[in-house]
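These protein sequence lines map, in sequence, to chains A and B. Per the working numbering, the very first residue in the first sequence carries number 1; after that it's consecutive. Per the working numbering, the very first residue in the second sequence carries number 1; after that it's consecutive.
All clues given are correct.
Below 16 Å or equal to it, Euclidean Cα-Cα: the simulated EDC-like pairs (lysine to aspartate or glutamate) are:
id, chain 1, residue 1, chain 2, residue 2
1, B, 3, A, 50
2, A, 39, B, 18
3, A, 39, B, 41
Since the hints were made in silico from the structure, they are not lab data. Computed from a prediction, not measured in an experiment: that's the story for all the values here.
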Amino acid sequence: MYEFKFSRPATVRQAANLLAKTEDAKLIAGGHTLVPVMKQRLARPAQLIDLSKVEGLDTIEMKGRSLVIGAMARHASVANSAIVKANIPSLANLASMIGDPAVRHMGTIGGSLANNDPTADYPAAVMALDATVVTNKRKLKPEEFFQGLFTTALAPDEIITRVQFPVPKKAAYIKFRNQASRYALVGVFVAKRPSEVRVAVTGAGGDGVFRVPQFEEALKKRFSPKSLDGLTVSADGLNSDLHGSAEYRAHLIGVIARRAVEAANA
Amino acid sequence: MAKVSITVNGTVHSANIDPRTLLVQFLRENLRLTGTHVGCDTSQCGACVVHVNGKAVKSCTTLTVMADGADVLTIEGLAADGAPLHPMQEAFRENHGLQCGFCTPGMIMTAVDLVNRKGHDLDDHTIREELEGNLCRCTGYHNIVKSIAAGAKAMAKPA
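Just chain A, with the same shape it has in the complex:
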């Protein structure tokens, strides 16, 4: 690891000020991506700003018809939250499948979204549920927030404070894991919302999470796995590596989407 300074602000405002005035400063939440990346010397922040002591960033609550999750909520807290299980059980289920138990004690929803790893699970939920990412400056819809591989719309001094998930009618997330890394080779989050159906795919896209419009239209007419019969996804732009070709991933998206619809209807 390269040298860095460490600070631990008590408020979002203090954190934002530190972030704005220090060149190459970086926020650290659970650190379960950033610390490994720093150990490999792939990142060299001059200063780390730890968000773990900022008050009120880890609350989980219902506000109106939305489930609001604080940016510092750990994966284990989301997975075990009675409020999440009662309102969007698919989201609790998704959180319970991230990493392993020790990783889930540290990793956070805000950290996962800010990193926008193309194989991360949360981006699929945010995209499919049309969640709003709230920062210290503004509110962002998923299409604005996710900007491609490891890229988001966040400004250098912008901090995610919470994520608002509108409660869907039905939803499910199915993940097909890479057998070695256990990350999503393909993960599909399907959500039946009052006005639309959304199908979001993680793990497969060269630019990160994306939606499948042809699946969404078919499922809007009838929310059944059968509606996807005969529909395919193009392999263009999908990841291709030693774990699976783009064609394999394209095929998997169809298979996993069917399973997700089945699970949502169960």
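Using the hints, position chain B against chain A.
Chain B only, in chain A's frame:
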């Protein structure tokens, strides 16, 4: 340098450290608590699992400064020197839950955390799922699963 004050196995330790110091380095090199191991050093293998504020975490992926003010429990803190072993340690011994022993401290700390979260009556499937983040290259896991099931039951009994 950064000042930290961390309670480890019930004793408060204050130190002035380089912020780069990983928690596992602090435990092993500053405090000489070498029961916590570094296996893969990439948060896969779980040999470095300790409890921070009562929750199992991978100390190779946690900066010591992130644990400032926290309560840390390591394998050395499960049972006092010379006292009988912790029931989970005893169960690993009884059930031959280790061969080379390198992964054992992490396995036991993960197992105790599992019992704390999910109780004393654990089926094999649950134990295997929960061991996702702990690798053993000797045993084939069978006796580890047996040990944890037995240890979980033993932990229910008053000491």
